[in-house]
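Visitor: Given next are the chains, with one letter for each unit.
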Amino acid sequence: MEDEELKIAVYWGCKIPATQYAYEMSVRQVLPRLGVELIDLKGTSCCGGPVRSINNLASMYLSARIMALSSKTTGEGLLVPCNECHFMLTETKHRIDNDEETYEQIGKLLSEEGLEYSTDLKIWHVVDLLHDVVKVETVKSTVMKPLEGFRFAVHPGCQIIRPSEIGRVDNPENPKKLDALVKALGAETVDYTEKLDCCGAALMYSHEEAALSLAGSKLKALQAYGADGFVDTCPYCHTMYDAKQEAAAATVGGKLSVSVFYYTQLLGIALGIEQKKLGLHLNQSNDPRKFNL
Amino acid sequence: MTLTDLMTMAKSNEELQKKIRNQLWNTHPDECYQCMRCTSGCTSLKLLELKPHEITILVNAGFIEELVSSDIIWTCTSCLKCRERCPQKASPYNTIMALRNLAVEQEAKIPEKYMKVVAQILETGMAEQAQIVTSKDMQSFNREKLGLPEIQQADDKFKAIFMKILGG
Ligand code: SF4
Ligand code: SF4
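Taken in sequence, the protein lines are chains L and V.
Sequential numbering of the first sequence, starting at 8, is according to the working numbering.
Sequential numbering of the second sequence, starting at 8, is according to the working numbering.
These are computed hints drawn from the structure, not numbers from a lab.
Take these hints with a grain of salt, some might be off.
[Claimed, not checked] Just a few of them, taken from the derived set where beta-carbon distance is under 8 Å, the chain V residues facing chain L: (1) Ile27; (2) Gln30; (3) Leu52; (4) Asn108; (5) Leu109; (6) Tyr121; (7) Ala126; (8) Ser142; (9) Met145; (10) Leu153.
[Claimed, not checked] Here are the computed lysine-lysine pairs in the DSS-like style, where the Cα-Cα straight-line distance is at most 25 Å: (11) L:Lys142 / L:Lys202; (12) V:Lys171 / L:Lys100; (13) L:Lys227 / V:Lys26; (14) L:Lys49 / V:Lys58; (15) V:Lys53 / V:Lys26.
[Unchecked claim] Just a few of them, taken from the derived set where beta-carbon distance is under 8 Å, the chain V residues facing chain L: (16) Arg90; (17) Ala115; (18) Pro118; (19) Lys143.
Backbone N, C-alpha and C fix where the C-beta goes; we use that ideal spot for every residue, glycine too.
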């Protein structure tokens with residue numbers, strides 16, 4: 008799709024526009040350069056992620072509301088860069104599209120606000136949008152400053168790869184797309200046993216210590232592989248590994264100094280975009296600028 | 008305890024079981040054959056002793072009230088591994104979410120942060136409010152300073168609908 012522009016709506020969720028500015032900045036920087044124009048949704052609300060534990064119907068309504076807002080735009084689909092939001096929307100879509108009763112129930116609720124649910128919405132995440140639509144080859148050929156000599160460990164996260172029955176971004180047990188996208192930048196990726204381990208973010212609501220310890224153990228294991236950095240694509244995972252790295256280190260007894268990046272930040276660097284525009288200065292873990300990328 | 012007591016108890020459990028099943032839609036705890044594949048890969052097994060196969064069998068045996076008032080249902084990280092790997096489409100993850108909903112309905116003790124986040128959504132539509140962040144070299148930034156557009160919040164119509172659903 009090198010020459011045609013793709014217009015796509017984008018739903019940032021709650022976490023990205025509230026604190027994870029680097030993800031938003033870097034996505035806004037890199038996608039237009041790869042032929043993807045973003046349309047911001049107006050009047051959005053939470054995807055329902057944390058609400059699912061409280062009231063399932065309310066959480067489905069919240070997800071469906073975002074999809075209905077997206078259908079009102081001229082976008083050819085909806086980009087959802089947060090793993091949790093991406094799961095909530097896809098899970099809700101799967102149920103609405105296959106369960107008549109829920110379809111009716113949600114339709115009624117949405118109509119009270121003059122909104123309508125449409126079944127033909129396509130939902131994308133940054134990973135599959137780049138890998139499957141923009142294509143790895145295009146990413147590769149757009150790179151101006153290859154990240155040669157660097158080895159990164161990728162963290163696919165849980166919620167964009169499972170459960171496969173609702174249609175996910177990558178293989179649930181052997182995800183490779185993020186690896187391919189990192190390699191397209193000229194860097195190498197590390198194979199490691201803990202690749203599928205969960206960041207623990209959802210436990211921050213109830214068992215903070217355990218949550219931090221899950222994040223900490225993964226980084227601790229990873230340090231032994233001698234990777235130059237850690238790459239993720241979710242604001243929740245990123246917060247655990249980046250901003251909370253010090254607190255996580257305290258729970259696993261040891262020092263952690265792993266540089267954590269959003270994939271779109273690395274991509275931006277390789278495309279020759281100024282680091283400040285990619286929010287590199289906002290990363291809290293071991294100063295990424297030391298890379299002199 | 009008389010036999011009548013026991014029978015009324017059994018009945019109430021049946022009702023609760025039905026509530027769980029109604030929410031579950033396409034996952035089926037009653038199909039579980041205790042292979043323990045879920046538990047062997049559970050993220051919360053080691054640290055918090057969550058055993059999803061046990062949750063499943065307890066639900067099937069009708070021990071719903073015990074589960075609803077227990078902290079164990081709040082130890083799941085939503086990693087979805089059990090949902091993916093269960094050969095019987097029993098998905099302990101979904102069962103746990105249904106049990107949490109029931110805990111809220113029955114006014115059992117639930118982690119405070121969950122109620123806070125719901126209150127936040129009722130107030131602003133979002134689970135989190137935009138914050139000022141600090142860079143490594145101790146400079147402060149907000150959205151505007153970073154060149155990010157203003158957030159356009161949802162209006163009150165949405166809040167009324169959301170509130171109505173929560174109220175049942
Ligand atoms: S994996 Fe499924 S069938 Fe096996 S014990 Fe767990 S819930 Fe039961
Ligand atoms: S979703 Fe919850 S119960 Fe299932 S494997 Fe993950 S932590 Fe365990």
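Visitor: Verify the interface restraint on lysine 143 of chain V: the C-beta must sit less than 8 Å from at least one C-beta of chain L.
Guide: Where the cut-off is 8 Å and the nearest Cβ of chain L is about 6 Å from lysine 143 of chain V, the hint holds.
Visitor: Is the shortest C-beta separation between leucine 109 of chain V and chain L less than 8 Å?
Guide: Leucine 109 of chain V check fails; min Cβ-Cβ to chain L is 10 Å, beyond 8 Å.
Visitor: Report holds or violated for the interface hint on asparagine 108 of chain V, using the least CB-CB distance to chain L and a cut-off of 8 Å.
Guide: holds (6 Å)
Visitor: Against chain L, run the beta carbon of serine 142 of chain V and see if the smallest gap drops under 8 Å.
Guide: holds (4 Å)
Visitor: Was the hint right that isoleucine 27 of chain V lines chain L, CB cutoff 8 Å?
Guide: violated (11 Å)
Visitor: Would you settle whether the hint for methionine 145 of chain V is holds or violated, based on the nearest Cβ-Cβ distance to chain L being less than 8 Å?
Guide: violated (11 Å)
Visitor: Straight-line Cα separation of lysine 49 of chain L and lysine 58 of chain V no greater than 25 Å?
Guide: violated (42 Å)
Visitor: Holds or violated: proline 118 of chain V as interface residue toward chain L, Cβ cutoff 8 Å?
Guide: Proline 118 of chain V check passes; min Cβ-Cβ to chain L is 4 Å, inside 8 Å.
Visitor: Just to be careful: measuring from the Cβ of tyrosine 121 of chain V to every Cβ in chain L, is the smallest value less than 8 Å?
Guide: OK, holds: tyrosine 121 of chain V within 8 Å of chain L, min 6 Å.
Visitor: Regarding the pair lysine 142 of chain L and lysine 202 of chain L, is the alpha-carbon distance no greater than 25 Å?
Guide: With a Cα-Cα distance of about 23 Å, the restraint between lysine 142 of chain L and lysine 202 of chain L holds, given a limit of 25 Å.
Visitor: Closer than 8 Å between Cβ atoms is the bar; does leucine 52 of chain V clear it against chain L? Give me holds or violated.
Guide: violated (11 Å)
Visitor: Closer than 8 Å between Cβ atoms is the bar; does alanine 126 of chain V clear it against chain L? Give me holds or violated.
Guide: Violated - the Cβ of alanine 126 of chain V stays beyond 8 Å from chain L, reaching only about 11 Å at its closest.
In summary, the structure is inconsistent with hints 1, 3, 5, 7, 9, 13, 14, 15 and 17 from the numbered list given earlier, while agreeing with the others.
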